[in-house]
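A.B. asks: These are the residues of each chain, in order.
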Amino acid sequence: MNPRATELVQGTLDMLILKTLQLEPRHGYGIALRIEQISKGVFQVNPGSLFPAFRRLERQGWIKAEWRPTENHRRAKYYKLTERGRAQLKTETAEWTRQLAAITRIMEA
Amino acid sequence: MVLGAKLMGGIRALLRKKQAEQEMDEELRGYIDAAAQEKMRSGMTPEQALRAARVEMGSTEAVKEEIRGAGWESVLENFWHDLRYGIRQLRRNPGFTAVAALTLALGIGANTAIFSVVDSVMLAPLPYSQPDRLVVVWESTPHFSHVWISYPNFRDWQRNAHSFRQIVAYASADSDLTNPGVPEHLKGELVSAGFFSTLGVSLPLGREFSTQEDRHGGAPAVIISHRLWRDRFAGSPAAIGKIVTIDGIGCAVVGVAPPGLHLGGDPDIYKPLGQGDALLLDNREIHPGILAIGRLGPGVTISQAQEEMNSIQKSLDRIYPDADRDLGTDVVPLKQEIVGNAGGTLMLLLGAVGLVLLIACANFVGLLLARSASRAREFAVRLALGASRARVVRQLLTESVLISLGGGGLGVLVAKWGVNPVLAAVPGDLPRSENIGVNIPVLMFALGVSIAVGLLFGLAPAIKSSKPMLEATLKEGSHGSTGSRHRAQSGLVIVQIALTLVLLVGAGLLFRTIRHLWDANPGFDEHNLIAFKVGLSPQLVKTPEDTRVACQQLMERIRKIPGVHAADFTNLVPLGGDDNLSPFWIGTHEATYSQSAPRINLYWTGPDYLQTMGIPLLQGRFLSPEDTTKSARVVVVDKAFADTYFPGKNPVGESMTIAYWGTVQIIGVVGHVRHWGLGIDPFSQYPPAYASFYQLPDRWVPAFYGYLTAMVRTPLALPAVMPAIKNVVYGADKDQPVYDVQTMEEIASRSMSPQRFPMILLGAFAGLALLLAAVGIYGVISYSVTQRVHEIGIRMALGADNYEILRLVIGHGLRLALFGVAIGVMGALILTRLLPSLTHLLYGVSPGDPLTFVAVSLLLCFVAGAACYIPARQAVKIDPMAALRYE
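As they're listed, the protein sequences go chains A and B. Using numbering that gives the first Met the number 0, the first residue of the first sequence is number 0, and each one after it goes up by one. Using numbering that gives the first Met the number 0, the first residue of the second sequence is number 0, and each one after it goes up by one.
The reader is advised that the hints may include incorrect statements.
Once the Cα atoms are required to be at most 30 Å apart in a straight line, the calculated DSSO-like pairs of lysine-lysine come out as [to be verified]:
#: 1; chain 1: B; residue 1: K17; chain 2: B; residue 2: K63
#: 2; chain 1: B; residue 1: K463; chain 2: A; residue 2: K79
#: 3; chain 1: A; residue 1: K39; chain 2: B; residue 2: K63
#: 4; chain 1: A; residue 1: K79; chain 2: B; residue 2: K5
#: 5; chain 1: A; residue 1: K76; chain 2: A; residue 2: K89
#: 6; chain 1: B; residue 1: K17; chain 2: A; residue 2: K63
Here are the simulated distance ranges between beta carbons [stated by the list, open to error]:
#: 7; chain 1: B; residue 1: S58; chain 2: A; residue 2: A86; range: 30 to 38 Å
#: 8; chain 1: B; residue 1: H485; chain 2: A; residue 2: N45; range: 32 to 40 Å
#: 9; chain 1: A; residue 1: I105; chain 2: B; residue 2: L349; range: 28 to 36 Å
#: 10; chain 1: A; residue 1: S48; chain 2: B; residue 2: K16; range: 22 to 30 Å
#: 11; chain 1: B; residue 1: S58; chain 2: A; residue 2: L99; range: 33 to 41 Å
#: 12; chain 1: B; residue 1: R390; chain 2: A; residue 2: S48; range: 31 to 39 Å
#: 13; chain 1: A; residue 1: N45; chain 2: B; residue 2: R390; range: 17 to 25 Å
#: 14; chain 1: B; residue 1: A4; chain 2: A; residue 2: S48; range: 31 to 39 Å
#: 15; chain 1: B; residue 1: R390; chain 2: A; residue 2: A86; range: 35 to 43 Å
#: 16; chain 1: A; residue 1: N45; chain 2: B; residue 2: K16; range: 21 to 29 Å
#: 17; chain 1: B; residue 1: F78; chain 2: A; residue 2: S48; range: 22 to 30 Å
#: 18; chain 1: A; residue 1: A86; chain 2: B; residue 2: M346; range: 53 to 61 Å
Examples of chain B residues toward chain A, derived with CB under 7 Å [claimed, not checked]:
#: 19; residue: G29
#: 20; residue: Y30
#: 21; residue: E65
#: 22; residue: R154
Read the hints as simulated data drawn from the structure, not as lab findings. Even for Gly, the Cβ is constructed at its ideal location relative to N, Cα and C.
One chain only, chain A, in its complex shape (with noise of 0.2 Å):
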């Protein structure tokens, strides 16, 4: 059974975000999918707060939408990583691999 999901933090849910698409550009559900995954199900991302956050990080040009055509004769919309985006996310996870030590420091004092 999964443990009740744990809700994200704005920002935490940036930088995982920005985590998912370091190795290839993904959709919306697919971004939601691998955080589910990955974490084991500990965070269940809902798309009321997925998606504003894709229309955050656009906005700062972290990341970058385009849309693909899809088996269906359909599209969607895939977002990829930029150059300023790899760059920020290195700076998010250095951050929060700082604050982590710090807590697990004081939390085994």
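We have chain A; now place chain B onto it with these hints.
C.D. replies: Chain B in isolation, oriented as in the chain A frame:
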């Protein structure tokens, strides 16, 4: 960079709304499909998968709303929506909107009007280049902090003062123009060379005076005003070099002054100061009405200039001990000099009109509370549908700002059309009042005040409306929480009444002051007295003896006019603002240097002046026609002089020595005249004294004869007697203008304008406040009656008669009024003592005058009672049966 991208994104979203909408739909549909696919892979049927996916997403509309909210443009869209919704709501209730806007229009309009005056008089920079570098340099003595300067001192300043890039002097000097065209009396100025360049203004035609012209014997030259240029020379460049006859002398026009200079009135003609009367200019001891203006050098501060002037004057004092001992200087910014005392009064009025705005805003809040109570269901529904409280508050704030902007716009119109007519009707002698009007700073002020009022006073009602008391309001027929609303409105009314009381007290105190001033005995009979000036023709005043004969004959002819009881002339007019302070010494010689000698205000008059003015003779005799240059010098003193310098004795027969004249004998004592003002006489230490003009030494006659005013005692009205007088004047010589015609009552009245101007305006504000407060009380009492219908019905059923109901309702209103009066009285007692701009205007009343306080309190209570009358009548008309059934 990021900002730009954000901006572009938002704008793109706004412009391509439909496309963005479609794309969002498409993306969300794709999401659901992908989710369904995933679920089918884990074994669900297509229908189950699709349903599960849809449930997972939730409301598509809600998601889209979240997406829209993520960009900044949503704020704009919300605002636009609030605006349109608000306008619709306001239009659905025109009555409410109109009353609310009108209430605010009164408050904001009055404030805008006063602010436009403040802006023009106090805030706007002077119309010269770099005006904050311009200063005025006064001289000072141990008795007076500001005296006119002496010309030789000024010339020494010019040579030695390095703080100033330029320093120039000017004095007012009216002239008579006789050629070309109709003889006209012109207001004029004597100015040094370099005067206009010091101010930093350039002449549209011609040039300034040169240093050669600015001295004795310089070529007669004049600069004419722009108006004179237009009127007499049709604005043609050929005016330069033309000769005009000024005071009998042909002068060449060398330049035209720029329009709008506005320095000390609007002079029509400028002459070189150095060509003025040598008697006045060459004597270091004489300070003949000259003022110095300097432009500070680059980087020099006023205190540095002051220090340099102090040291310069100190050395002058040492070098010329007789003339300059204990003389000092005072350097003052030009703007401060021009604005003078007007600033204090204007600030007082600004404060008062601010109180009026607060009272109007209290009504505004009351109206908003009433309105929002009736819209309670609308808000309850919106909150129930998921609107946030902030959203509802934003909506209501938008509406209140819309109303306040509407009221502000109306108020600006009122100010625009009202200010100048009001100022014309109530002369305030305000400096710099030429440009009063609604300009950009004033509009900004009105806009700022409107928005602030809408936000500040709309906030509390808005927050109250957004409280989610859903169940109570959604049910029909509930009263909601009216208790708190009633308390709030009652509190507002109490504050309104308190503020109104303060305003009424201020107006009342000034009113009593004016009454006292009017009743004060000025020492002469100010009724049936006419004053005017005559520009004596140069033909008639070629020699001092001719001048005396001309004056005498003119007066005699005027006395013969039917209806004229007495007439004579004088150089000074009581309450006219001018003076002629002359040092004197008791005894037969000058005991000390003139700076430390006491002074009298010396009137040079015709022999009949004292009788014409109705000044009573107490001892000795009046001046007579027998007192001439060939007889012994005599002077008439007044009671104040006698009491000060000859207490308990009869001064008739004693000798005194007057500077520049000689030893004279006192031949009479007359009643004291309040020369400086009807109220407290600030310069009572300089009592008037009277000498006969026909004894004035020859050398002084040319300097004095131009400043004579004729006083005529006649019961006839001005329009009835002036034509005859003018005939007499023109009969002597047709080139003699008659000007500055006024009655003594007008002069006396104008001397009270420092009090009258604020009194009338404060009275108007108090009246406005009274009206607004009455409306406020009416609103509260009326509302309370509708809330207590049930209770009143019970009372009536139990046997209460009409009077008891009336007493109940009016008593409620009076109780509120009494609270407000009590608070207002306390506040007024404190304020009226603490405000110097008010206390220094009062005369004959103390700031805590009981009569005023009691009278306005009673007035306020009466008005409050009257405002309760209509709701009380409606309460009485309640049908008890219907009331009892009313839930």
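A.B. asks: A separate judgement is required for each hint: does it hold in the structure or not?
C.D. replies: Here is what the structure says about each hint:
Under the criterion of a C-alpha separation no larger than 30 Å, the hint pairing B/K17 with B/K63 is consistent with the structure, at around 13 Å. A distance of roughly 48 Å separates the Cα atoms of B/K463 and A/K79; the hinted pair therefore is violated under the 30 Å criterion. A threshold of 30 Å between alpha carbons decides the hint, and for A/K39 with B/K63 the separation of about 28 Å falls inside it, so the pair holds. Proposed proximity of A/K79 and B/K5 is supported: the alpha carbons are some 18 Å apart, at most 30 Å.
Taking the CA atoms of A/K76 and A/K89, the gap is about 25 Å. The hint holds against a cut of 30 Å. About 21 Å separates the Cα atoms of B/K17 and A/K63, which keeps this hinted pair within 30 Å; it holds. Between B/S58 and A/A86 the beta carbons are some 37 Å apart, a value that agrees with the proposed interval 30 to 38 Å. For B/H485 and A/N45, the hinted distance range of 32 to 40 Å is not satisfied, since their beta carbons lie about 47 Å from each other.
Checked against the hint of 28 to 36 Å, the C-beta distance between A/I105 and B/L349 comes to roughly 59 Å, which is inconsistent with it. Range check, A/S48 to B/K16: about 23 Å between beta-carbon atoms, so the 22 to 30 Å window is met. Checked against the hint of 33 to 41 Å, the C-beta distance between B/S58 and A/L99 comes to roughly 36 Å, which is consistent with it. One distance hint, 31 to 39 Å for the beta-carbon pair B/R390 and A/S48, is violated here, with the actual separation near 20 Å.
As the Cβ distance of A/N45 to B/R390 is approximately 22 Å, the hint placing it in 17 to 25 Å holds. Checked against the given bound of 31 to 39 Å, the beta carbons of B/A4 and A/S48, roughly 22 Å apart, lie outside it. The given range of 35 to 43 Å is respected by B/R390 and A/A86, whose C-beta atoms sit roughly 37 Å from each other. Taken as a hint, the range 21 to 29 Å holds for the pair A/N45 and B/K16, whose Cβ atoms sit roughly 25 Å apart.
Taken as a hint, the range 22 to 30 Å holds for the pair B/F78 and A/S48, whose Cβ atoms sit roughly 25 Å apart. Between A/A86 and B/M346 the beta carbons are some 59 Å apart, a value that agrees with the proposed interval 53 to 61 Å. For B/G29, the interface hint holds, since its Cβ comes within 7 Å of a Cβ in chain A; the closest pair sits about 5 Å apart. Because the closest C-beta pair between B/Y30 and chain A is about 5 Å apart, less than 7 Å, the hint holds.
Checking B/E65 against chain A: minimum C-beta separation of about 5 Å stays under 7 Å; hint holds. Using the Cβ-Cβ criterion of 7 Å, the hint placing B/R154 at the interface with chain A is not satisfied: the shortest such distance is roughly 74 Å.
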